[in-house]
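Colleague: Chain by chain, the residues run as shown.
2 protein chains.
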Amino acid sequence: MQNAITVPADLLHRQLTTVFTAWGMAEEHADTAATIMVETDLSGVDSHGIGMLPHYQKLLREGRLDPRATPIILRDNGVAVLVDGQKAIGHVPAHFATELAIEKAREHGIGVAAVTNSNHYGAAGWYARMAAEEGMICISLTNSSHLLVPVNGTEPALGTNPIAFSAPTRDPERPVLLDMATTTVAYGKVSIARRAGKPLPPGWAINEEGGPELDSARASDARRLAPLGGTREQGAHKGYGLALMVEILCATLTGAGSGQLRTGHFFLVLNPAAFRDREGFQADLEDLLARLRGNAPADPASPVIIPGDPEHDTTVERQRDGIPMVQTLVEEVRAVCEESGAAFILRS
Amino acid sequence: MQNAITVPADLLHRQLTTVFTAWGMAEEHADTAATIMVETDLSGVDSHGIGMLPHYQKLLREGRLDPRATPIILRDNGVAVLVDGQKAIGHVPAHFATELAIEKAREHGIGVAAVTNSNHYGAAGWYARMAAEEGMICISLTNSSHLLVPVNGTEPALGTNPIAFSAPTRDPERPVLLDMATTTVAYGKVSIARRAGKPLPPGWAINEEGGPELDSARASDARRLAPLGGTREQGAHKGYGLALMVEILCATLTGAGSGQLRTGHFFLVLNPAAFRDREGFQADLEDLLARLRGNAPADPASPVIIPGDPEHDTTVERQRDGIPMVQTLVEEVRAVCEESGAAFILRS
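From first to last, the protein sequence lines are chains G and S.
In terms of full-length UniProt numbering, the first sequence has 347 at position 347, counting the first letter as 1, and numbering is strictly consecutive.
In terms of full-length UniProt numbering, the second sequence has 228 at position 228, counting the first letter as 1, and numbering is strictly consecutive.
Hints in this document: simulated from the structure, not taken from any laboratory.
On a predicted model such as this, the values are computed, not experimentally measured, just so you know.
Note that CB positions come from ideal geometry on N, CA and C, so glycine has one too.
Among these hints, one or two may not hold up.
[Unchecked claim] If you want the footprint, here are the derived chain G segments under chain S, 3+ residues with CB under 8 Å:
{"#": "1", "stretch": "20 to 34"}
{"#": "2", "stretch": "61 to 73"}
{"#": "3", "stretch": "206 to 219"}
{"#": "4", "stretch": "222 to 233"}
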């Protein structure tokens, strides 16, 4: 690993709000985005926390991100709502929309909030977790920049279009929490292989002829990822189909559009109590999870886990020890601060 | 291919209703189930049409399927509804629930219908297509008998738990229609490899140590399938996570339960017109699909397709030429007729 420092969560939060308010974001919005990013870093999803800050700065510089924007409700049918993100940083409209969907689910049993005209919203799973903390089941989706090459094709045509799903367990700190790209791997894993000078397994990236790209340097430059499944024989048409589903719900249904840097989100929130008594739901869910954890493991040192377990463990660890940041990232944050006229406070 | 006959769709429909009414099913229910099964066979999903009849007969014999049952509404919150399938053949409560969800989506923009106490409902995609024909977007899910081995585990603990998704295009005959197991392959593909005496690729089945099972005969007996992705490196934790999502929505949220032959379903229906003007939605969807179809293909003879294309093409072909049935299946249907006291009319 590169030379790294560890940063306490509250310091990282302060650094982020310092930058965001320097950009002109309202304090409340700065706090929302910073909280989401820091909690994402705490959970170990390093690719979607402060690591995205240089990208957001670039969007700001190019006029694609409006720091002063406040999301508005475009349509509200009682249960379904469409939010216009007004080109804010995606976290702000996504947080607003998830709150609305939770409210609606509390009242009607379900709520759907779709968001148009937004930007990158960080980790899809954060919003699902937010709903789970309120006792709700949630699906959180976003489209994203084109990296996925459809089966039979050669050109990136869809994003890594993640699917996040949460369900509340009796422990509010520990929901079932799936957060997955619909590509075999997120782009970050290709970069990691490149830095390590390692080849890629087949099924991760696609070469210009549509076959497997095993050279991590070439794959990293070309930015062509395989859908989950990797190859047709291994079910890549399923990953492609799931990515298309996410695109239709986030880009087409919302009107956000399907081009590069056109971003929409989709949140479905379900109140289990609308379907059955909550106690029965919780008991059955605990039984299901216990049965899965009890599955005889191939290797006793690696038991069957539940989606969300690794992120929960990392959160506990990083709340105690701080968030590791490689030196390169620290310098990138310093550069963002300089460009923004914000104080750099991560280290003196 | 085995000795096969081709059967016109209407003859197959009559054969099925003859059996179902002999079982004691109401005419309307017999017609619903037969229609769904025949249309599934027409679309080429042979594993989920009349091929399931011997299994349904077995459920009937064991008292797990009540042919006289009529599904009832257990809870109705206006937008979310819970249906009790009363142990009917799954098609009947699933069709009833999808109709309810479509009605609710027409009124409120969205509708969710969950079903408990049901049975195998055939192809998940059929219900999604039904909603698409009404201009709706739909997600159709069901849990199913345990075949999927969770990552790190050795024992089947979840079903192949399919995810179907549909979106209506301008051509009502041709919705976007994804219908996928959350395992790398459905069990039928393992059986086909066994009959052909071929080994399996890694990533399809799991051996008793939790590693890849390449012997198709052993895999077919052991009934341990790998989650979509196949191996951890190729993203099998994602297929496992998706299967768990389906299990929670179909088995836990509904109260159907998660054991063998405990079956529930989940249908989400969205009216695009609740989010934006329908014309804008349709135009953007056509653009997206055209862009995907226009992706430069690796092999010009195999262009990029849209989920649902192969099923659409097969339907056109089989509506014209009839539905192929291998001799073994014809004999199985004959045996079902004998056991049920129903006339066998497929061939004299």
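Colleague: Does each hint hold? Answer for all of them.
Modeller: Against the structure, the hints come out as follows:
1. 20 to 34: violated (count 0)
2. 61 to 73: Violated - the stretch 61 to 73 of chain G has 0 residues with a Cβ nearer than 8 Å to chain S, which falls short of three.
3. 206 to 219: holds (count 3)
4. 222 to 233: Coverage by chain S holds here, the residue count being 4 at a Cβ distance below 8 Å.
Hint violations for this structure: numbers 1 and 2, all remaining hints satisfied.
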